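A.B. asks: Each chain is listed here by its residues.
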Amino acid sequence: MIDLSKLTIKSAAEALKKKDFSAREITEASLNAIKEKDGEVHAFLEVFDDALFQADEADRRIADGEELSLLGVPIAIKDNMLFSGHCSTAGSKILEGFTAPYDATAIKKLKEAGAILVGRTNMDEFAMGSSTENSAYSVTRNPHDLGRVPGGSSGGSAAALAGEMVLGSLGSDTGGSIRQPAAHCGVVGLKTTYGRVSRHGLIALASSFDQIGPFAKTVTDAEIIYDAIKGRDSMDSTSIDESTYAHRKEYEKVIGVPRAFVEEEGVSAAVRKNFDEAVEKFESLGYKVVDISLPSVPYSLAAYYIILPAEVSSNLARFDGVKYGLHVDGENSIDDYFKTRGEGFGRETRRRLILGTYVLSSGYYDAYYGKAQKAKELITSELRQAFRSVDLIMTPTTPASAFKFGEKSNPLEMYLEDIFTVHANVSGCPAISLPFGKEGDLPLGIELTADLGREDNLFMAGKDFLGE
Amino acid sequence: MPMDKEKVLNLAKLARIDIADSEADRLATEFDAILGYVGEVKEISKADSLQLTADSFVLKNVMREDGEPHEPGIYTEQILSQAPQREGDYLKVKKIL
Chain A
0 MIDLSKLTIK
10 SAAEALKKKD
20 FSAREITEAS
30 LNAIKEKDGE
40 VHAFLEVFDD
50 ALFQADEADR
60 RIADGEELSL
70 LGVPIAIKDN
80 MLFSGHCSTA
90 GSKILEGFTA
100 PYDATAIKKL
110 KEAGAILVGR
120 TNMDEFAMGS
130 STENSAYSVT
140 RNPHDLGRVP
150 GGSSGGSAAA
160 LAGEMVLGSL
170 GSDTGGSIRQ
180 PAAHCGVVGL
190 KTTYGRVSRH
200 GLIALASSFD
210 QIGPFAKTVT
220 DAEIIYDAIK
230 GRDSMDSTSI
240 DESTYAHRKE
250 YEKVIGVPRA
260 FVEEEGVSAA
270 VRKNFDEAVE
280 KFESLGYKVV
290 DISLPSVPYS
300 LAAYYIILPA
310 EVSSNLARFD
320 GVKYGLHVDG
330 ENSIDDYFKT
340 RGEGFGRETR
350 RRLILGTYVL
360 SSGYYDAYYG
370 KAQKAKELIT
380 SELRQAFRSV
390 DLIMTPTTPA
400 SAFKFGEKSN
410 PLEMYLEDIF
420 TVHANVSGCP
430 AISLPFGKEG
440 DLPLGIELTA
450 DLGREDNLFM
460 AGKDFLGE
Chain B
0 MPMDKEKVLN
10 LAKLARIDIA
20 DSEADRLATE
30 FDAILGYVGE
40 VKEISKADSL
50 QLTADSFVLK
60 NVMREDGEPH
70 EPGIYTEQIL
80 SQAPQREGDY
90 LKVKKIL
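Taken in order, these protein sequences are the chains called A and B. At position 12 of the first sequence (counting the first as 1) the number is 11 in numbering that gives the first Met the number 0, and the numbers step up by one without a gap. At position 33 of the second sequence (counting the first as 1) the number is 32 in numbering that gives the first Met the number 0, and the numbers step up by one without a gap.
Here chain A stands alone, though its shape is the one from the complex:
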């Protein structure tokens, strides 16, 4: 039996090409690993019943001599990406039983690259949360410590990979939902430049921040998935291509550290020590690490938690109990809406919908939404200024290691999990979380952010750092 823990996407693709094993064999290994481990971890909401059929198709293509980057590689997808003919619920009761009528562009591209989509993974409802505890279906456990959360909202995708059940997975990142669970589960997680991956077919949370991206064991693997799914798409008018952002600086291995931000209150001693060790490691690899000042960036989280609920309140208006999904009968037509939405949405979703309605209401719009949009511009401008002199900005990915179930019952405490990740969504910049160091048995992550369109810098530094 193939041991997935000994393989990467790169090594598996080579072995498949050399016919060391077949796509069916590696897919069976993935399905067996899920059967064996997922009872405890619960990363998956569903294992697709056509996985082996996809594998046989991949084997035929391998026999025909086709060469594709992901041909025969088992991948998991987050439950908010449409895969035609398969169920997709965004972790919500309001979409229970919904069958996708078409493929999301990222899914279509994965299929074109030959990937085997083995199942859909658990997530916080509509990607709202940092622990996967907000799923309407179940919690997902961290494979490194079953008493702790895997992070979120893409917790299922991170846990499926960290639990050695697949070789890679897709998540979506609106405020840190790929990078934070990647850090808590000890894997690589990439949030691409806004627009680099099409959002067509991704169930929307906040459209101006949402990006699909990969989880992988190595930076090389993350790049393979990224190359497969990126690209301009006529179905997403905000999608971009290679030439959208001109490269403004040669890569010179210079990393900026926003010292005051990193040493803020609330960052655990273990995370600080680990961060200092990461600085030393980069220096030993010939990188120049300099302190920089980013006075506006710490306000990213405040701006984010105004813009995000505002967009949520607008995007989730489509769930009306009429077109698709749950319908709860009320006394009359408008009562149908109230009942369907009251019962179909979970607590965090209701909280953000109502908050979003408030920040957009007349009389408060300027005070909150207007100011947040302005802050977004300032933050973007400040970061892009910094990228004229540094290639990368480094912070910890999270202020502490994975927490216990129920530990963050206060919503604001949970929101602070994203303190080091949201700047990338607010500015649109790409960022990657790299597994580095531990606090006890729990993995920690180091985050690098690059200028708009400079995923190449993230890959170069990430490979240096992880010794690839």
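The set of hints was computed from the structure by calculation and includes no laboratory data. Owing to the predicted nature of the structure, the values given are computational and were not obtained by experimental measurement.
Take a look, some chain A residues computed to stay more than 10 Å from chain B by CB distance:
#1 D2
#2 K18
#3 D55
#4 D63
#5 V138
#6 Y250
#7 K272
#8 D275
#9 K287
#10 F435
#11 K437
#12 G439
#13 E467
Below, computed lysine to aspartate or glutamate pairings styled on EDC-like, alpha-carbon distance capped at 20 Å:
#14 B:K91 with A:D334
#15 A:K373 with B:E42
#16 B:K6 with A:D365
#17 A:K322 with B:D88
#18 B:K12 with B:E29
Under 7 Å between C-beta atoms, here's a sample of chain A residues computed to sit facing chain B:
#19 P100
#20 R340
#21 T356
#22 A371
C-beta: ideal position from N, C-alpha, C; glycine also.
With chain A fixed as given, assemble chain B onto it according to the hints.
C.D. replies: The following block gives chain B in isolation, referenced to the frame of chain A:
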């Protein structure tokens, strides 16, 4: 200005969500804390003197040519099969007037 239960219930009404009184009470307290935190954003954005460079997004709207994107009717069954209630090729809702 502090939140209270009545305000939250009114907002929930605007958002078309049925919530219980007890939830409105709890949300009012939570919103006070959240709005206190996110209100900090006013601190940086009041600095009008801060120079914005031309460094932000270069995104602009993209329109497609007006026209039939596909042959009419080819997705009707697939889309309507997701509807909770239908009658023929129509979505079914309660009487509005």
